Every structure is written in structure tokens, then in C-alpha cells.
Amino acid sequence: MTVRSRTGAIVAAASLVAGTGLMPVVDQPRLVGLLGADVVLGALLGATPRRTRAGSCIAVALSLVGWIAVAVLVVHELPSTADLGHVADAFRCGPVGLVSQPGGSGHGSGAAAHGCAALTGPERAVVPSGLVWLSAATGVSLAHRRGASIAPLVPALSVAAGANALAFSRSAWHLGVAAALIALTALYLRTIRDAGHAPGRTGTTVGPDTAWRRSLADLALIVVLCGAGVGAGMAVALFAGHAADPYGAAAGGRAGADPSDRHSDPVPAGGGAGSDATASPGTRGSNPARHVPPATHAVQSTALALVVLAVLVGVVLVVFLLARRARRRWARARLRRRGTPAARVLAAWRDTVAELRRTGLGVEPELTINELVERVLAQDDRDLSRPLRCLAGAAATVVYDPTATVSGDQAQAAWRERDTCVAAMRPVKAGRRSGRRHGGCHVW
Amino acid sequence: MSGEDFVDAFDRIAANVETVVQGKHAQVRLALTCLLAGGHLLIEDPPGVGKTLLARCLAASFGVDMKRIQFTPDLLPSDITGTDVYLPGTGEREFRAGPVFASVVLADEINRATPRAQSALLEAMEERRVTVGGVTRPLPEVFVVVATQNPVDMDGTYPLPEAQLDRFLMRLRMGYPDFDAEMQVLRAKVEQPPAIAGRVPPSPESRSAHGSDVLPVETGAPVSAVTDGAELVRMIRLARRTRIAEPVYAYLLRITRTSRLLVAGPAADVSPPGLVSGRHRHAGRNAASDPRLAAPPPGLAGTLTLGASPRASVGLLRAAQVHARLHGRDHVWADDVKVLAGPVLAHRLSLTPAAVQAGQNADGIVASILSSVEAPR
Chain L
1 MTVRSRTGAI VAAASLVAGT GLMPVVDQPR LVGLLGADVV LGALLGATPR
51 RTRAGSCIAV ALSLVGWIAV AVLVVHELPS TADLGHVADA FRCGPVGLVS
101 QPGGSGHGSG AAAHGCAALT GPERAVVPSG LVWLSAATGV SLAHRRGASI
151 APLVPALSVA AGANALAFSR SAWHLGVAAA LIALTALYLR TIRDAGHAPG
201 RTGTTVGPDT AWRRSLADLA LIVVLCGAGV GAGMAVALFA GHAADPYGAA
251 AGGRAGADPS DRHSDPVPAG GGAGSDATAS PGTRGSNPAR HVPPATHAVQ
301 STALALVVLA VLVGVVLVVF LLARRARRRW ARARLRRRGT PAARVLAAWR
351 DTVAELRRTG LGVEPELTIN ELVERVLAQD DRDLSRPLRC LAGAAATVVY
401 DPTATVSGDQ AQAAWRERDT CVAAMRPVKA GRRSGRRHGG CHVW
Chain P
1001 MSGEDFVDAF DRIAANVETV VQGKHAQVRL ALTCLLAGGH LLIEDPPGVG
1051 KTLLARCLAA SFGVDMKRIQ FTPDLLPSDI TGTDVYLPGT GEREFRAGPV
1101 FASVVLADEI NRATPRAQSA LLEAMEERRV TVGGVTRPLP EVFVVVATQN
1151 PVDMDGTYPL PEAQLDRFLM RLRMGYPDFD AEMQVLRAKV EQPPAIAGRV
1201 PPSPESRSAH GSDVLPVETG APVSAVTDGA ELVRMIRLAR RTRIAEPVYA
1251 YLLRITRTSR LLVAGPAADV SPPGLVSGRH RHAGRNAASD PRLAAPPPGL
1301 AGTLTLGASP RASVGLLRAA QVHARLHGRD HVWADDVKVL AGPVLAHRLS
1351 LTPAAVQAGQ NADGIVASIL SSVEAPR
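If you read the sequences in order, they're chains L and P.
For the first sequence, my numbering assigns the number 1 to the initial residue and increments by one for each residue that follows.
For the second sequence, my numbering assigns the number 1001 to the initial residue and increments by one for each residue that follows.
Looking at chain L on its own, in the form it has when it is part of the complex:
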């Protein structure tokens, strides 16, 4: 399967998921439609090629289970009176409509303050589905770039996790399902992204043990990300008043399952139907917000919650990016100085290949050094030709010639060519140093 068809499969899967959320709202025949959608989704996932058999089987199977679980949830808890107007409301109001919902009543005074209709029941599935679609679409770009960072997924996943936590905030079980959904989505997308990219040293292949280690490492990373996402979502819920009844006693599980509640009396944030079941009297009693008009309180809470969510996501993202960059820089400096000259030449080459991969150029593992250079130069018209060919020639000699001898100067020259290559991949910096060096190979 080509990258294009694989991307198509992901887009189709994501669209189906979004459709799964939308379908009940437009009052389609739910059960049959959802089963059909899941069958198609399963076929698409099954047709996606995997390199690491064990990890991919788990990813595909669990992803499928996750999607089906979401679909069943949506089917199970939807009222039958939803109409298309709810969809428009959901998109118009977005997260505001969600977070302004008291935990079980289905009333949104904060939303009402913004002119939004209260979001209840079915329409609350729209935004989470849309956000899941957003995260999946981000993954599509990652899969297409094949080797890009997972960082762009973090905000989307966090927002999606938070939104899902809100949408299914009626019980811990629902929270768990939301977290699992996001985790499996991320695992699936990461597996797609890593297909064909062995992280190990050149000359080795990904054996089952390596595949398992990679899968476990991915899983650990995703659990951390999901924890952050769900935590952020819960924080939003807390500030918006949902925490008053995270395990609400209202029947049906999903907040506002009964659409007849939509136009009942406004309830102050934190005091929705059944909220008293878990709200601490002390907390309620000491909360000065109780004396604030309900609509104002909800708006302030919503704004604060969104700010907190944004800050949390931003901090996580910045820390992640800085740590990764620092780790790369440290590793590169170490490789540049340590080891034999041949090892340093190889390190320069492999670091260049890693940079090419991060740039999004196709550097599939089955390509030889020569093929890789030709492929890259065919894809990219920047001034990479001379330094890349020089560096590739040096690397080919080191890798393929068992009697090759490399001096320290040649190793340093290889790293200089690596720097030239990396600079050429960055258009602005390359422009600054135009005309700086246009000679022959400095390595050999």
C-alpha cells in the first residue's frame, strides 16, 4: 500500500469516526449504520500494512475496539429527538457550549450568555468527534511526512481528551473510555508514522524484541500524553463546575440525556441535576461564586478553564520540544567528538539522514546510500547536491569498504559537510551563507 492510499485509509477512518458522532444527531438508523461504519473501518485498518507485526496487530485491534466502544456509547445514550439544529449549535458554540453545561442538567447559562443554545445529549458528541477527527488529521500529516515529530499531535490529543472527558463526564468509566480512545488513536497513528522506519542502527532490522520495546515505549509516551490531556480536561471540568458531579446520579450516563431538560430552569454552575451527590457542602458553602450571577460565573469559569487548559498544553509542549532538542544537541556533540574517525563519519551521515527524515524527505530504510542521495536530490531542489554527495561518498566508503582508513581531519570534514547539508535544508540560513563554499568534496 502506498503512502497515498495509507493516508486515504486514515482519512477515511477519521471521517468515519466523525460520522459516528454525527450520525445519531441527524437521526439516521443508528445501529445498522454504525455497524456498517465499523466494518468498513475494520477493513481499512486491516488493509494498512505493518512492519512490526506484534505492535501493529495490537494497535489495529485495539484501535478498532476503541472506535467501536465510542460508537456503542453514542448509540446507547442518545435520545431520539435530536435534530440538525443541534449540530449547528454545537459547531457554533464549540467548547463554550460544552464547558458551560452543568454536569447533568443539560443547561448552559454560560452558553446562553454567548447566545448559544444549551448543548445536551447528542450534540455533545459532535465536538469531541470533531476534535478526534482533528487529531487524526494531524496524524495524517505525520504519516505523510513519515518520520516527523509527534509533537504536533500533543495539543490536538490534549484538547480531544479534555473534550471527551467533558462529553462523557458522567462516570469514571466514561473518562476511562475517553482516555483509552485517545491513547489508541495516538498509538495507531504513531504506528502508521513509524511504518518502515527502524530506529536502530543501520545494518540491523527490527526484530520482534525491538518491536515490542518500541511498542512499550510508545505506549508509555502515549499514556503520559493522555494523562496530561485527561488531566487538562478534568481541570476544565472542575473550573466549569462539572466536578460537582463527575459521577452524577442522573439516569442514562451522559449529561443531559433527557432533551426535555434543555429548557428547564437555569442552574448555577456547579449545581446541576444530581450535583449535590458529590459536591462538598463545605466547598459549596465557602464558594464566593455562589453569590455571583450564574451566567457571569459560568463565563468566567469557562474562560479561566480555557486559559488553564491552554497554559497546560503549552507548557507540556514547550517542555517536550526543549527537552528533545537539548537531548539531540547533546547527543550530536558527543558523537562529533567521540569514537573512531570512521564512527564519526558514520555519525555525521546518519545525523544528516535523520535531519532529512525530519524535513519530510523520503529516506526509506530499504534505500542504499546512493539511492538515498538520488531520491533526496530528486525530491528537493535546494543546494544539497554537493555536500550530500560528498558526505554520502565518505559514508559509503566507511560502510562498504572493509579496509577503509579514515583520518580525524576527514571525520571533521564530514561533520562540516553535515552542517552544510543541514543549513541547506533551512532556506533562510542557506541564503545567508550563499557563496560561502562551493568547492569539491572536503571529506575525500
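If you're looking for bench data, these hints aren't it; they were derived computationally from the structure.
Keep in mind the model is a prediction, meaning the values are calculated, not measured.
Where a beta carbon is used, it is the ideal one built from N, C-alpha and C, also for glycine.
A couple of the hints might just be wrong.
[Unchecked claim] If we take Cβ atoms under 10 Å as the criterion, some of the chain P residues that face chain L in the derived model are:
{"id": "1", "residue": "Arg1260"}
{"id": "2", "residue": "Gly1328"}
{"id": "3", "residue": "Asp1330"}
{"id": "4", "residue": "Val1337"}
{"id": "5", "residue": "Ser1371"}
{"id": "6", "residue": "Ser1372"}
{"id": "7", "residue": "Val1373"}
{"id": "8", "residue": "Arg1377"}
[Stated by the list, open to error] Ranges of calculated distance between the beta carbons of each label pair, as one might list FRET restraints:
{"id": "9", "chain 1": "P", "residue 1": "Asp1180", "chain 2": "L", "residue 2": "Ser385", "range": "28 to 38 Å"}
{"id": "10", "chain 1": "P", "residue 1": "Arg1243", "chain 2": "L", "residue 2": "Arg327", "range": "36 to 46 Å"}
{"id": "11", "chain 1": "P", "residue 1": "Gly1328", "chain 2": "L", "residue 2": "Arg338", "range": "45 to 55 Å"}
{"id": "12", "chain 1": "L", "residue 1": "Pro402", "chain 2": "P", "residue 2": "Thr1131", "range": "34 to 44 Å"}
{"id": "13", "chain 1": "P", "residue 1": "Ala1026", "chain 2": "L", "residue 2": "Leu377", "range": "15 to 25 Å"}
{"id": "14", "chain 1": "L", "residue 1": "Thr403", "chain 2": "P", "residue 2": "Val1314", "range": "15 to 25 Å"}
[Said to hold, decoys possible] Quick partial rundown of chain L residues pointing at chain P, CB under 8 Å, derived from the structure:
{"id": "15", "residue": "Pro365"}
{"id": "16", "residue": "Glu366"}
{"id": "17", "residue": "Ile369"}
{"id": "18", "residue": "Asn370"}
{"id": "19", "residue": "Ala395"}
{"id": "20", "residue": "Val399"}
{"id": "21", "residue": "Tyr400"}
{"id": "22", "residue": "Thr403"}
{"id": "23", "residue": "Thr405"}
{"id": "24", "residue": "Val406"}
{"id": "25", "residue": "Asp409"}
Please arrange chain P on chain L, whose structure you already have, making use of the hints.
This is chain P only, laid out in the frame that chain L set:
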């Protein structure tokens, strides 16, 4: 012989052949690579595309002793290997060598002979010796079999057994010439009189039979020897001294061994779990846990009944050495292995009937294997 001399000699031979076999640059160089690797060459294609012509021109360019065997259904093994002849005058038996005792043996339409006759070449091709009447006789140091076969017209033919196919280092397909090349062929046929048609050095038997130093060839273009046996031996020896690094060894082995992962059933010596059962499961598990092996290409498991043999690995190595020398290198690159994997491995892979019905072919499977094996870099 230096590396430059090797390249010069190679180019000289290739150019000489291409004066007659026009528009087949890649095939000519592949065929030369095969012969300089010390391997036997199987040329397979429909009639009239120049299989025999290429074989004859190659043999003629080498300037070594060449014999041609036209394989027919009534051919006997002794017609190939030779036989002991009783001499009434002396009462002794004298061995009359067959055409296999030549440096270049052109086996034309090899699949038209019976398996019995085909088998006469087995020992000669692998061990470079012939045993007749209990006496084993060595073949010349340079010994290559260039065989042709027609894969289309199968009536009255006997497909080569796997053991025979495995002894051919490469299988080439000529393909139809492009427009310009075919135009040149037509012009050559018209402009060159038959009297000066191609001439090849004859074997001693031919010379005595015809009383002439040269034999006309029906190609319409002259081709003469541009090298000799001694230079050929030097080229072969130089190619075999081409160095190979450990990562390239491993890459080559991963390619050939991955083909064995695709074998369905007990024939697989290495198979992933799930493909085999019972007493074969243990070996399969061991193979699948070998981190040096690549995962088999998705969707291709069980498509083969026979994978690449260790002889195929050796052959691919030899051919890669020649290819490296041809490009002026004294060490093999992974590119050399990759380029030659198709011609060396494809004819050795035996597909299951289900795979054939599904539209799979050996060349496609080799390409899939190459795309699933990580190259050293």
C-alpha cells in the same frame, strides 16, 4: 590486471557484442557480468528476439573454444558428455569428448531435450567435471554454459528442473528491441552482404570440417574475439578479489533468507510462527526471533514453494563483485547486490499455484523482498 584494465576489457567486450546485438545495453552487460562471475547464463524469451545471437556473440567475443548443442527431444546424455568408443584395430576403448568439453557451451533451446539429457549438464555445471564410464575428467578453467529457452511455446518441451535452474547464475530476458534498434537491425540486414556476415573463430573440429579459419554467422554483423582465455581468467580472478564488508554480507544474506520466509509448508527451513506447525514450529520460531532477519513482506507469506538457495547467495555475491569492479571499485556496495538480486534470484523462486493464480510473479516477489530489507547505510 588492475581495476582500470578490468573496466577497459569489460567495455571492449560489451562494445564488441553490441555491434551486433543492438539496443540491449543492459542485457549485454548483465550477461557479461554473469560470465565473468563464473556463472552460467540462461536467456529466456520468445523466438526471434536475439537470444541465440547474444549467446553466440558473447562466446565469440571471448575468443575461447566454443561448442554449440542444439537440444532436441532425441538428444542423449552421451551426445553432450561424450562416450567411450571401441576401436576395432587396437581393441581398446577411446574417449571421444562431447561438446561439453569447451570453454563456452551454447545450449540452444535447452528445454526441448528430455530431463535425461538435461541432467547430463548437472555435474558439469556445478562441479566443472564430467564422469563417463567411471572416469572423471575436468573441464576447462573457463567453463560457462549459455543456454536459451523459449517460455511461450511449451509444446514438446520439458521445463528445467529446479536443480538445473539453480545452477544458472542469472536468467535474462531480452525483450523486444525499441524502434531505433530494430531499424538498425533491418538496415544491417540490407546493407551488409551475406559474404561478410559475422565471423567467429571456429573450434578445431569445425576448422577441420570446413577447411576454413572462420565460420559465417547468420547474424548479419561481424563479431570477432576481442579478448582471450588468459585475460578472461585474469578478469575472473580479479573480480573474486573484490572486498566485501560485513554489512554487505549481512544485507545479501537477509535478502536471500527473506525469500525462504515466504516458503509455505515443510519445505521452509525458516518460517515465521503461524506458517508452520508441528515439528517444524521450533525451527520457525528460532528463525523468526533472529533479529538479523527482516520481516517478510506483508501479504507474501506462503507464496513460494522454494526460496533462494545458499548457491544463490554465493552467486549473488560473485555477481556483485563483478558489478563493483565494473564500476571501478575494489569493494562491493549494497547497490551492487540490489541491482543484481532480480536477475540472480528470480528464476530460483518457485511460486505456489495459488500465488500464480493471484497474479504474482518471481520478479515482483524479489522486488518486494528488496523493499522490505533494510539496506546498510
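We went through each hint and held it up to the structure:
1. About 15 Å separates the beta-carbon of Arg1260/P from the nearest beta-carbon of chain L, more than 10 Å, and the hint is not met.
2. Checking Gly1328/P against chain L by beta carbon gives a least distance of about 13 Å; that is not within 10 Å, so the hint is violated.
3. Satisfaction of the interface hint for Asp1330/P is found here, the shortest Cβ-Cβ separation to chain L being roughly 8 Å, below the 10 Å cut-off.
4. Taken as an interface hint, Val1337/P checks out: its beta carbon lies about 9 Å from the nearest beta carbon of chain L, inside 10 Å.
5. With a cut of 10 Å, the hint placing Ser1371/P at the interface with chain L holds, because the nearest CB-to-CB distance is about 5 Å.
6. For Ser1372/P, the interface hint holds, the least distance from its beta-carbon to any beta-carbon of chain L being 7 Å, beneath 10 Å.
7. Annotation: interface hint on Val1373/P holds; nearest CB of chain L at approximately 6 Å, less than 10 Å.
8. Hint status for Arg1377/P: holds, given a least beta-carbon distance of 5 Å to chain L, under 10 Å.
9. The hint said 28 to 38 Å for the Cβ distance between Asp1180/P and Ser385/L, and at roughly 32 Å that hint holds.
10. Distance hint check for Arg1243/P and Arg327/L: the Cβ-Cβ separation is about 37 Å, which falls inside the suggested range of 36 to 46 Å.
11. A beta carbon spacing of about 34 Å between Gly1328/P and Arg338/L contradicts the range 45 to 55 Å that was offered as a hint.
12. A C-beta distance of roughly 39 Å is found between Pro402/L and Thr1131/P, which places it inside the suggested range of 34 to 44 Å.
13. Taking 15 to 25 Å as the suggested C-beta distance range, the pair Ala1026/P and Leu377/L conforms, at roughly 23 Å.
14. For Thr403/L paired with Val1314/P, a C-beta distance near 22 Å keeps the hint of 15 to 25 Å intact.
15. For the restraint placing Pro365/L at the interface with chain P, the shortest Cβ-Cβ distance is roughly 4 Å, inside the 8 Å limit, so the hint holds.
16. For Glu366/L, the shortest C-beta to C-beta distance to chain P is roughly 5 Å, which falls under 8 Å, so the interface hint holds.
17. The interface hint given for Ile369/L is met, as the beta carbon of that residue sits about 5 Å from the closest beta carbon of chain P, less than 8 Å.
18. Because the closest C-beta pair between Asn370/L and chain P is about 5 Å apart, less than 8 Å, the hint holds.
19. A hinted interface residue such as Ala395/L counts as satisfied when its beta carbon comes closer than 8 Å to some beta carbon of chain P; here the least separation is about 7 Å, so the hint holds.
20. Hint status for Val399/L relative to chain P: holds, with the closest Cβ pair at about 6 Å, below 8 Å.
21. Hint status for Tyr400/L relative to chain P: holds, with the closest Cβ pair at about 5 Å, below 8 Å.
22. Hint status for Thr403/L: holds, given a least beta-carbon distance of 6 Å to chain P, under 8 Å.
23. With a least beta-carbon distance of about 13 Å to chain P, the hint placing Thr405/L at the interface is violated under the 8 Å criterion.
24. Given the 8 Å rule on beta carbons, the hint for Val406/L is violated: about 14 Å separates it from the nearest Cβ of chain P.
25. Checking Asp409/L against chain P: minimum C-beta separation of about 22 Å lies over 8 Å; hint violated.
The structure fails hints 1, 2, 11, 23, 24 and 25 (numbered hints given earlier, in ascending order).
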